[in-house]
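2 protein chains.
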Amino acid sequence: MSAQLKENINSNIDLKTYVRQIGRDARAASRQIAKSSTAMKNAALEAIADNIMTAQQNILDANTQDMTAARNNQLPSALLDRLELNAERVVAMAEGLRQIARLPDPVGAISDLVYRPSGIQVGKMRVPLGVIGIIYESRPNVTADAAALCLKSGNATILRGGSEAINSNLAIADCIKQGLEQAGLPSTAVQILETTDREAVGELLRMPEYVDIIVPRGGKSLIERISRDSQVPVIKHLEGLCHIYIDAEADVQKAIDVAYNAKTRRYGICGSMETLLIAESIAPKVLPELLKMYLDKGVELRGCEKSRALIEQMSPATEDDWYTEYLGPILSIKIVDDLDAAIRHIETYGSQHTDAIITENLAHSRRFITEVDSSSVMVNASTQFADGFEYGLGAEIGISTNKLHVRGPVGLEGLTCQKYVVFGDGTIRP
Amino acid sequence: MSAQLKENINSNIDLKTYVRQIGRDARAASRQIAKSSTAMKNAALEAIADNIMTAQQNILDANTQDMTAARNNQLPSALLDRLELNAERVVAMAEGLRQIARLPDPVGAISDLVYRPSGIQVGKMRVPLGVIGIIYESRPNVTADAAALCLKSGNATILRGGSEAINSNLAIADCIKQGLEQAGLPSTAVQILETTDREAVGELLRMPEYVDIIVPRGGKSLIERISRDSQVPVIKHLEGLCHIYIDAEADVQKAIDVAYNAKTRRYGICGSMETLLIAESIAPKVLPELLKMYLDKGVELRGCEKSRALIEQMSPATEDDWYTEYLGPILSIKIVDDLDAAIRHIETYGSQHTDAIITENLAHSRRFITEVDSSSVMVNASTQFADGFEYGLGAEIGISTNKLHVRGPVGLEGLTCQKYVVFGDGTIRP
Numbered sequence: 001m002s003a004q005l006k007e008n009i010n011s012n013i014d015l016k017t018y019v020r021q022i023g024r025d026a027r028a029a030s031r032q033i034a035k036s037s038t039a040m041k042n043a044a045l046e047a048i049a050d051n052i053m054t055a056q057q058n059i060l061d062a063n064t065q066d067m068t069a070a071r072n073n074q075l076p077s078a079l080l081d082r083l084e085l086n087a088e089r090v091v092a093m094a095e096g097l098r099q100i101a102r103l104p105d106p107v108g109a110i111s112d113l114v115y116r117p118s119g120i121q122v123g124k125m126r127v128p129l130g131v132i133g134i135i136y137e138s139r140p141n142v143t144a145d146a147a148a149l150c151l152k153s154g155n156a157t158i159l160r161g162g163s164e165a166i167n168s169n170l171a172i173a174d175c176i177k178q179g180l181e182q183a184g185l186p187s188t189a190v191q192i193l194e195t196t197d198r199e200a201v202g203e204l205l206r207m208p209e210y211v212d213i214i215v216p217r218g219g220k221s222l223i224e225r226i227s228r229d230s231q232v233p234v235i236k237h238l239e240g241l242c243h244i245y246i247d248a249e250a251d252v253q254k255a256i257d258v259a260y261n262a263k264t265r266r267y268g269i270c271g272s273m274e275t276l277l278i279a280e281s282i283a284p285k286v287l288p289e290l291l292k293m294y295l296d297k298g299v300e301l302r303g304c305e306k307s308r309a310l311i312e313q314m315s316p317a318t319e320d321d322w323y324t325e326y327l328g329p330i331l332s333i334k335i336v337d338d339l340d341a342a343i344r345h346i347e348t349y350g351s352q353h354t355d356a357i358i359t360e361n362l363a364h365s366r367r368f369i370t371e372v373d374s375s376s377v378m379v380n381a382s383t384q385f386a387d388g389f390e391y392g393l394g395a396e397i398g399i400s401t402n403k404l405h406v407r408g409p410v411g412l413e414g415l416t417c418q419k420y421v422v423f424g425d426g427t428i429r430p
Numbered sequence: 001m002s003a004q005l006k007e008n009i010n011s012n013i014d015l016k017t018y019v020r021q022i023g024r025d026a027r028a029a030s031r032q033i034a035k036s037s038t039a040m041k042n043a044a045l046e047a048i049a050d051n052i053m054t055a056q057q058n059i060l061d062a063n064t065q066d067m068t069a070a071r072n073n074q075l076p077s078a079l080l081d082r083l084e085l086n087a088e089r090v091v092a093m094a095e096g097l098r099q100i101a102r103l104p105d106p107v108g109a110i111s112d113l114v115y116r117p118s119g120i121q122v123g124k125m126r127v128p129l130g131v132i133g134i135i136y137e138s139r140p141n142v143t144a145d146a147a148a149l150c151l152k153s154g155n156a157t158i159l160r161g162g163s164e165a166i167n168s169n170l171a172i173a174d175c176i177k178q179g180l181e182q183a184g185l186p187s188t189a190v191q192i193l194e195t196t197d198r199e200a201v202g203e204l205l206r207m208p209e210y211v212d213i214i215v216p217r218g219g220k221s222l223i224e225r226i227s228r229d230s231q232v233p234v235i236k237h238l239e240g241l242c243h244i245y246i247d248a249e250a251d252v253q254k255a256i257d258v259a260y261n262a263k264t265r266r267y268g269i270c271g272s273m274e275t276l277l278i279a280e281s282i283a284p285k286v287l288p289e290l291l292k293m294y295l296d297k298g299v300e301l302r303g304c305e306k307s308r309a310l311i312e313q314m315s316p317a318t319e320d321d322w323y324t325e326y327l328g329p330i331l332s333i334k335i336v337d338d339l340d341a342a343i344r345h346i347e348t349y350g351s352q353h354t355d356a357i358i359t360e361n362l363a364h365s366r367r368f369i370t371e372v373d374s375s376s377v378m379v380n381a382s383t384q385f386a387d388g389f390e391y392g393l394g395a396e397i398g399i400s401t402n403k404l405h406v407r408g409p410v411g412l413e414g415l416t417c418q419k420y421v422v423f424g425d426g427t428i429r430p
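Heads up: the sequence lines are chains A and B, in that order. The numbering used here puts the first residue of the first sequence at 1, with every later residue one more than the last. The numbering used here puts the first residue of the second sequence at 1, with every later residue one more than the last.
Hints in this document: simulated from the structure, not taken from any laboratory. These numbers were taken from a predicted model, which means no experiment stands behind them. Ideal Cβ placement from N, Cα and C applies to all residues, glycine included. Any given hint could be a false lead.
[Unchecked claim] Some chain B residues flagged as far from chain A (calculated, every beta-carbon gap over 10 angstroms): (1) R24; (2) D81; (3) I282.
[Stated by the list, open to error] Computed list of lysine-lysine pairs in DSS-like fashion (alpha-carbon distance at most 25 angstroms, straight line): (4) K292/B x K124/A; (5) K254/A x K124/B; (6) K236/B x K236/A; (7) K124/B x K236/A; (8) K16/A x K177/A; (9) K124/A x K124/B.
Make the full structure from the sequences, and use the hints.
Printed below as a string of structure tokens:
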């Protein structure tokens, strides 16, 4: 960014002008990217990966600047960890770009093309959404990753990273810009808001004429704020308050294996189980062994009254616990009467992210997947599978808990929509 | 509605309580409807159709009340025509319900179910959106039609018709309510806002916790206002400023047939052509004959300078004309250099509804369908085909010019979304 521009955007009016110009450029670039060939988009992705490898030292130096500032500002250590780049993470970033280049291009695919009695042939064609705004925190690798997914799916992107990562993000953005130019694509297909002024985000959310969708990546408060303020549709991922319900007719060993994995494999991901529900009749056969395994692993247990009667080392669960996404080694446990009670609990306290039933009863499994209104519903599988790579999407820009457009892990296809194509031969409507 | 309620909702606070109660009831009913069998939903649709036939005279009497009031209020004749019911229209309403009963149920369909290397089986299951708010004007048949589409797709509905049609709508709503009860479904699955207070619409748009999507059906100003104010996502259909571009390599006869049909078959529908673009090199072969046909039919022509040189009876088109959806016997005509100029014109002035190219050149047709960003793009077919029935959707709740979720004619599938289903056998994530 030029010194001139930096000065200009000190005033709010100029900030608005600056962000709107970014929007106009993105809209214009989106038209170019939408019609670019798969080969050109892949060439750009490969060029960006090459540039990142070449500029590795620049990127690490920029990141050191950010880390120093972050330490001076006494940012929490979890945030420092997410902010930090090293040689390995830079290589992973470049490799991620090459992987996206190898994925099939969703754009232009025509499906369900059928003849109608009138003589017209009607089908659906997959097309980019247009301009995607990504608002994210800390992790600089999102800059490369999100830009690549949007580019491959034929969209233009406006990126707004956290102010703590501005130098890292600008260094990566340079590689992207050059890569786009090397492939003959407009460099404005991926733009980064080169200001740390928070008002820039507000402006981005107020330009539905230039931005078609906003994807926030960050904590719940960020996403809630953006959803509230945005005039542009938002693909939201609020939280993953995931449940496993161990049905009366569960296989005991499968129940123990899955419930243990769902909590302890990784604590901090959105697909980790936060509340275990279990049918009263099977609880004595499952809980003593399973809860001992959790305790051995260092998981804090908070149980309902009935479950506390089965094992001593549990504190009582409060109403708040049922609403809490711990994202850590804590688990709340509730004994329920039956499948109906489990479904009601999930309906009341869940976040419509991912919920699973463990059962050998086919009718119960059918009811669970039909009646539980979550973006992923599972039978006899760990909720930790809730992930775009595990589902075969090849990549993931986030997980949607929206009800419209796309639910669950969002890959390339989630960044597109379908329009109708109609072919005739001079066909008129009678 | 009870007299008590009518009195209550005179104050704004009570209006808010009333609308929010409707919302809560709709949310609860949506859970029932979402898991109801196809047979039950079809039984309800058939029962509603029967009730409408039985109550035919009641409905017509209520409509007479509305018509009398509307005439006293000197409403325009086009509106009176849309408001009026007669025996034939009531029969058509009942028949429409039976047709929707016969359509395939989209809910619960599982597609793309594949095994992943981890051992889980992943697929997508079609599920209802939840609660749909329909805001519409005049036509009382929308009450039955929209309720039926939402019901068949497993959604609960809140209907808000125009105040001029309140008696007709309430009479139809009674038939719906009884039909739902006869089929054993909650009567709150379809609710009508029993107040003509405009503030009720505002409240409906401010309850994203109870309403998942709003479908406005009416004029552009209604839809713009709702889109601006709504905190709930809106399936919008702004306008149909449809173009036909006659390419330099068009077949002259096909061009004349299609362009004539696209304008004159019906003037007032959103798929009717409003602007004709034609390549300069072919204009002398097409325009003289085609324009004469339009003039014979009584279509007023407004042309660019070049086209006016070809035929005398044209007034000059102003910049405003290119932006105007006439919905009447007026056509604007522009001679353009080539395909690029045509695409640019559509990009600048179009409404992303439906646009067609007439050409025998395959490369031109491919470019047109790829680069024109409209919800329907057509080759050698009349834009008047833009319609859910013509596309084979079986029914249509509207045409979406959104970029997210659904574009073009919206049928039952557009009122659903897909969630992920995952099947394992005690499968854990390594």
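The hints, checked one at a time:
1. R24: Label holds. Min Cβ-Cβ 14 angstroms, cutoff 10 angstroms.
2. D81: 23 angstroms, holds
3. I282: Correct as stated: the minimum Cβ-Cβ distance to chain A is 15 angstroms, above 10 angstroms.
4. K292/B x K124/A: At roughly 36 angstroms apart (the allowed maximum being 25 angstroms), K124/A and K292/B break the hint.
5. K254/A x K124/B: 24 angstroms, holds
6. K236/B x K236/A: 21 angstroms, holds
7. K124/B x K236/A: Status holds; Cα separation ~19 angstroms.
8. K16/A x K177/A: Distance of about 23 angstroms is within 25 angstroms: holds.
9. K124/A x K124/B: 18 angstroms, holds
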